Amino acid sequence: MRALALQVDNLLRGAGTEEAPSGRVLRDWGIILVAAGLGYGAVMGSFGGLFGERFVQVLYSAIKVPFLLGVTFVVSLPSFFVLNTILGMREDFRQALGALLASQAAMTVVLLSLAPFTAFWYASAADYDHALLFNGVMFAIASFTAQWVLRRRYGPLIARRPRHRQLLRLWLGLYVFVGIQMAWVLRPFVGHPDLPVQFFRKEAWGNAYEFIAQMIWRNLAN
Amino acid sequence: MRQWFKDLDGLLRGDSTRLGTLKDGRIGIAAGGMCVVAVILGLVYGVCMGFFALFREGGPVWEQFLATTLKVPLLFLLTLVVTFPSLYVFNALAGSRLTIVSVLRLLLAALAVNLTVLSSLGPISAFFAASTTSYSFMVLLNVAIFGVAGGFGLLFLLRTLHRLVVSGNEPLPEAKPLPTDSAGTPPLIVPNDSAIDPLRGRLMGRHETLVFRCWVVVFALVGSQMAWVLRPFLGNPATEFSWFRGRGSSFFESVGQHIVNFFK
Chain A
1 MRALALQVDN LLRGAGTEEA PSGRVLRDWG IILVAAGLGY GAVMGSFGGL
51 FGERFVQVLY SAIKVPFLLG VTFVVSLPSF FVLNTILGMR EDFRQALGAL
101 LASQAAMTVV LLSLAPFTAF WYASAADYDH ALLFNGVMFA IASFTAQWVL
151 RRRYGPLIAR RPRHRQLLRL WLGLYVFVGI QMAWVLRPFV GHPDLPVQFF
201 RKEAWGNAYE FIAQMIWRNL AN
Chain B
223 MRQWFKDLDG LLRGDSTRLG TLKDGRIGIA AGGMCVVAVI LGLVYGVCMG
273 FFALFREGGP VWEQFLATTL KVPLLFLLTL VVTFPSLYVF NALAGSRLTI
323 VSVLRLLLAA LAVNLTVLSS LGPISAFFAA STTSYSFMVL LNVAIFGVAG
373 GFGLLFLLRT LHRLVVSGNE PLPEAKPLPT DSAGTPPLIV PNDSAIDPLR
423 GRLMGRHETL VFRCWVVVFA LVGSQMAWVL RPFLGNPATE FSWFRGRGSS
473 FFESVGQHIV NFFK
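Residue numbers (my numbering), protein chains in the order written: chain A, 1 to 222; chain B, 223 to 486.
These aren't lab readings, by the way, just hints derived from the structure by calculation. Hints are not guaranteed to be accurate.
Result set (EDC-like, lysine to aspartate or glutamate): computed pairs, CA atoms no more than 20 Å apart in a straight line [to be verified]:
1. B:486 <-> A:210
2. B:228 <-> A:91
3. B:486 <-> B:475
Being a predicted model, the structure only gives us computed values, none of them experimental.
Pulled out of the complex, with its shape left as it was, chain A reads as follows (with noise of 0.2 Å):
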């Protein structure tokens, strides 16, 4: 427990980003990420109560939030394993999987530092609307800072070969794709205080990138 509290504390600070992590570090970076995103989920979905039938809510929020980020993840990483193999980037492939988990594992640790914040707007305003909102600002925060960690970790492998910039690009664009869709897929996050308990949305079962192409083109179209 101590040493994954001093794990933390180097992930925050930017410990031994010039050399790929060993296989330990790499495993305390997915327990702090599942742990951390447990938190966060916990007091995300607390939004309707925390008693009685409303607790199934926190618990399937607090699964949701580590089961987003690692699905993501995990379902991103075969392409970009390849495309930095075919590139002749594989030697530093380690250092990179450890930049990219590293920047998970701090999104999830600033998350759960800013759930006082979601806690007490949920205290002190009831409205469902502004509620997720501002998950949705917390979770800007959070993806900003852990951009700055990504930066960090990977600057040493920009400085050696260059090529890593754009592979780097390419992760963050297939990361987002991935995750826009995965986001979509596993509403609610928060939970609707009217609305029953449920893990999915049966309606939610569709694809963002249709509502939001169909969206634009019934704005332009009318």
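Given chain A, put chain B in place with the hints provided.
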């Protein structure tokens, strides 16, 4: 089997296509093994693509799943069969000294690279297939994925062809050591030398370059039309299952139609 995948790894890393290893104008891979690897990779992507038929509203359509899985490797093998003779003939016309076996190995290697990229994008495709009901979106996504994978495959083909021709034509120069600075330490920036980086300073004849570039365009056109002939790959949820559809229309016309459908 393991050795075949090691061969594939060597191709992807660029180890098997460096000038030093191409000495006698051939790639050191087993053609049969590479063919098996290509089929396996094709099946992997086929399964991912087939998720669209499995997660359809109103229950899975197993025939479509099976058809999709089989059609992906078939698409690439048939394209290979159609384009192989012309590559060999034009290659010989352009004056390179590659034998028919080297050309076949080269094509199989390019196909394997293409299919590796394709199957590595498989999880993304499978995830969207499972969570999406929009047929047009899936068609466009798969066109994009096949396009990216094909782009890498053909780039690999062009670059390796270049290397093969160069290594067959001239005596191998001394390997130049990496430039070092005054203190004798290796340079900080490592130069790019992957399988798809161009050889610097060594050009092929203008005719050869032109011939190969034209041939690559032909390959891409044949591939996309082959995909059209073998359709349906995903299976339109609005129609009954069929192994093949009748002749008519074309690949590019249909893609345009799907773009319009996607927005409406």
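Q.
What's the verdict on residue 486 of chain B and residue 475 of chain B, does the C-alpha distance respect the 20 Å limit or exceed it?
A. Holds - the C-alpha atoms of residue 475 of chain B and residue 486 of chain B are around 17 Å apart, at most 20 Å.
Holds or violated: residue 228 of chain B with residue 91 of chain A, Cα cutoff 20 Å?
-> Holds, at roughly 16 Å.
Q: For the pair supplied as a hint, residue 486 of chain B and residue 210 of chain A, confirm whether the alpha-carbon distance does not exceed 20 Å.
A: OK: residue 486 of chain B and residue 210 of chain A at ~9 Å, within 20 Å.
In terms of the numbered hints stated before, the structure departs from none.
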